[in-house]
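Visitor: Given next are the chains, with one letter for each unit.
There are 2 protein chains.
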Amino acid sequence: MTDTARDNVLWAWTLIDALAASGVVHAVISPGSRSTPLALACLRHPGIIASIQVDERSAAFFALGLAKARHQPVVLVCTSGSAPAHWYPAVIEADMGGTPLILLSADRPPELRGCGANQATDQNNLFGSHVRAFHELPCADGDPDMLRWLRALAAQAVDQGCWPLAGPVHLNVPLREPLLPDRPWPALQAAPVAAVCYPVMTLSPDAAHSLAGELSGGRGLIVCGAGVFSSEFPAALMDLAHRLACPVLADPLANLRFGAHRNNTVLSRYDAFLRAADAPRPDWVLRFGAMPVSKSLQRFLDGLAGVPQLLVDCGGRWLDPLHRASRLLRADPAALCRQLSELVERAAPPSWLAAFKAAEHRAAQLAEPEPPPEAEVVRTLIDLLPAGATLFCGNSMAIRDLDAYSGCGDKALRIAGNRGASGIDGNVSTALGLAAAGATPLVALLGDLAFYHDMNGLAAARGLDAVFVVLNNGGGGIFEYLPQAGLEEFERGWLTPLELDFSHAAALYGLSYAKVDHGAGFCAALAVALKGGAHLVEVSIDRANSVARHRAYWEAAGENMF
Amino acid sequence: MTDTARDNVLWAWTLIDALAASGVVHAVISPGSRSTPLALACLRHPGIIASIQVDERSAAFFALGLAKARHQPVVLVCTSGSAPAHWYPAVIEADMGGTPLILLSADRPPELRGCGANQATDQNNLFGSHVRAFHELPCADGDPDMLRWLRALAAQAVDQGCWPLAGPVHLNVPLREPLLPDRPWPALQAAPVAAVCYPVMTLSPDAAHSLAGELSGGRGLIVCGAGVFSSEFPAALMDLAHRLACPVLADPLANLRFGAHRNNTVLSRYDAFLRAADAPRPDWVLRFGAMPVSKSLQRFLDGLAGVPQLLVDCGGRWLDPLHRASRLLRADPAALCRQLSELVERAAPPSWLAAFKAAEHRAAQLAEPEPPPEAEVVRTLIDLLPAGATLFCGNSMAIRDLDAYSGCGDKALRIAGNRGASGIDGNVSTALGLAAAGATPLVALLGDLAFYHDMNGLAAARGLDAVFVVLNNGGGGIFEYLPQAGLEEFERGWLTPLELDFSHAAALYGLSYAKVDHGAGFCAALAVALKGGAHLVEVSIDRANSVARHRAYWEAAGENMF
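Line by line, the protein sequences are chains A and B. Just so it is clear: in the first sequence, position 449 is 449 by the UniProt record's numbering, and no numbers are missing. Just so it is clear: in the second sequence, position 426 is 426 by the UniProt record's numbering, and no numbers are missing.
Be aware that one or more of the hints could be misleading.
The list treats identical chains as one, so a pair stands whether inside a single copy or across any two.
[Claimed, not checked] The list that follows gives simulated cross-link-like pairs (lysine to aspartate or glutamate, DMTMM-like), each with its CA atoms no further than 20 Å apart:
| no. | residue 1 | residue 2 |
| --- | --- | --- |
| 1 | Lys-531 | Asp-501 |
| 2 | Lys-357 | Asp-501 |
| 3 | Lys-295 | Glu-111 |
| 4 | Lys-357 | Glu-136 |
| 5 | Lys-295 | Asp-278 |
Note that these hints are calculated values from the structure, not bench results. Everything numeric in this text was worked out from a predicted model, so none of it was measured.
Isolated chain A (complex conformation):
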């Protein structure tokens, strides 16, 4: 006779054990009844670190942060009904940002679907094109052959979530009642799964030789945006850039600006100096990762009709929003850099890199003596963060100000962000997920709307070392720079000031709270907050002043930088 409850426990354990054997360490569980066997297996498995979060949306972004911390797949568990739909924004971010997530949604069995049963909805292909794979499981089955298949499927799901492009994988898990057995429980054991070996993808010797010849001696630009790069990539790229003597325009999320790997080719202030009419035209552009956040860099690249633009990508994506790519190089970035470094024969004329370094220097001076207030906040952050710290940067203005004003440095800082879909959603939880995975000290730099959007996520801050720096410019300040600012409906429909006193949010979630100016006040509050615990540091930004100084800075950058 079928023992449904026993099969449920065995089935869920086998799934979780096989995921753990495939490299999963973290699981984030939202409470529910139907998901009980899955949640219990996560809570009891010795190889799984389980977190609990009531709000599935925050749970998913928290899992995203955990997964980003070490590029390991993280499991999400929730109950049936609308619950898994709350994962969708984080699923889209994971899809576009290349972050591995294993989504385990509990479901009603087939006989309770489409007939008005409680909390039963159509969870088949719930996330459409935004997952690498979808697997509809059968109901729990205690047959040893079925359990063996389930182990293999779990390993396959992790593989699909990791390669060739990391991302979310959805397993829908129907479970019949009774969900839990009376004692005794079935014996639950750990077992191995098939291991997967991944290739190093390089160009053929001929293609690499030919490419190196094209790059050698040219006045080239290397552009590196956000991406999931291997730990060997920074050094490999630095070596290639050094041999080519070409500048590397490094987006903050490329994680090239800060650290001991950095050599003198890395530049960060191109958002300013590429506004200049005298910015020189390169012979070629070699791009890694996503298109950087800088609008002026994008405009510059868009103006380079006829210049070869080469795009390196091994994940199958076509990251060329300008439609200017002349060649896609399907190769591992670090491996390609090493391959090319060995083949490059001549560097660019020394004046080429020197001109860009001079422009970088001039741009750094431009912000003085009256930088935008956000520039001072960014500088204080970079100065005060200890080596090894992680700075999570929110979207909208926060990432643009970090991009423009961070500069570069030898101190090892990790910069993280959600630039897949670039939403202002889930930023609090993603930051806390990074902190929970040990990426501490962790500072999150967010605008007021982004902070509000994921305020529920603060429930996970308890016991973590995390500092939220909220740039409060009274709403969607980024829209001040767009034509919408001229509309009479601007404040109501676009700026949308929240008029919330965030001290109450801090009190609700047990964070310390300080409201400070962007100068000495912020400096002092940050120094205190970095000593440990969970903190909210709200920086009051005078929006009009900020807009004026940003504009003045950009205007100054428009001329004679080279």
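Once you've looked at the hints, dock chain B against the given chain A.
Guide: Just chain B now, kept in the frame of chain A:
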């Protein structure tokens, strides 16, 4: 030459104007750049009442509440990227609950998709099987024939969202830059659209005659669950039940328990009296709407093998989770009741209804003298709410306690809830949407987890008359009644107490706050709160006491009710 900006404005205006001409009154907008022409058309159209909400998830549930208030389709507008994904939980609730929503997601044009452009993701069929229809629009086109088509499509979308089963319809709206023109703006005018006439669906005379014959004189049970019924339905059903002299077991969300329409056939305490071993077996069951929330009613119906169970539904759904239906009657509930009333020849024996009314009376006595604390809260609510008030009831324990303890009454009270997917999500915003549509005074009865889940939604409370009554039993108290309560991981993995001081949430959003006991304290606080404004009344529930009294009540109901 194509004038993109002018076309954008014309296109968006035409779409919104045609939606307004098709009956849309409310639009809920989340701020963004790409959606600017759509948002602006909503803000400027004289026939549209626009609300702004930063969090798209809360915005969607707020729209759901607006749409529920008068069963009118409500427009949602947001920008591209992960933004529309936040609508998904409300879309699922609207799908399953039969609530019309028109989802307008702005999108990047085709040339910015799949190429790494910022905030561009695959929005095609974003909501999968959970919308009645999906329309991918072309980019804005100023050609008069295209604008004429757009008007027709808007009217068609409203039709798809209203009939035969109301629900969400998604229009994805790609827009090219520049989004806004310089002055002068194009002339924007209102124009009509095709009107749609809907049928009255009745059975054929022969079928109705035969059905009436089957029901006549039988010991029947009428069961009515949640549903979107016409305003004629309560009176029509009461008339039929009177002629048949059969009890109507009315779920609170059937909106039959309270109001002047009610006659002596309506019963509310079946969750208690159907637990009795001596509950009599009916000759037939006639069901309207969804399966009611009561588990004991479900068990009772499941035990009626061989008894004809007839299910009335004109929306194309098959709402029979027990797989006990013997016949589906595809007819309009009110029209069918009127049709049958004219044909019914004999009532049941008087003892039949009398036995059920006696059981109802006994069940009402059972809760004395020590009712569960939630029962007292429910009774106070029913007593103190003025005629015409709306009570939004959250899911999990709140709806079960309302179901068990509300009783019936002549005072007109509207009971609302989200029983499509039955999630604890979006409850705050749905309630506020009802209030914003004029369903005031509005009281929302929610558990602590449901209140927390949608706390961001409180941003819309400003200026509304709304009272949130939060039954705080320290987490997911409903799980106490399930086998999970015996697990050693129970508190951490299922109960999940939040340990949040909600007074800070009230302060954050400008609600008054009172923390009270379930007796006199609640009574006094509710009386004050009902005078107007936005209030949070937190009722502390002793979970152990609550569980013990619920169990004692159910046990007492298990014997000799008939």
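Visitor: With reference to the structure, classify each hint as holding or not holding.
Guide: Hints and how they fare:
Within a single copy, Lys-531 and Asp-501 get their C-alpha atoms no closer than 25 Å, and across copies no closer than 26 Å, so neither meets the 20 Å cut-off. In this homomeric assembly, Lys-357 and Asp-501 never come within 20 Å of each other (Cα to Cα): the closest approach is 44 Å inside a single copy and 54 Å across copies. In the homo-oligomer, the alpha carbons of Lys-295 and Glu-111 lie at most 20 Å apart only across protomers (18 Å), although the nearest pairing inside one protomer, at 53 Å, exceeds that limit. Taking the shortest Cα distances, Lys-357 and Glu-136 never come within 20 Å of each other, neither inside one copy (55 Å) nor across copies (47 Å).
For a Cα distance limit of 20 Å, the shortest separation of Lys-295 from Asp-278 inside one copy, 17 Å, qualifies, whereas the shortest one across copies, 76 Å, does not.
Comparing the model with each numbered hint stated earlier shows that hints 1, 2, 4 do not hold.
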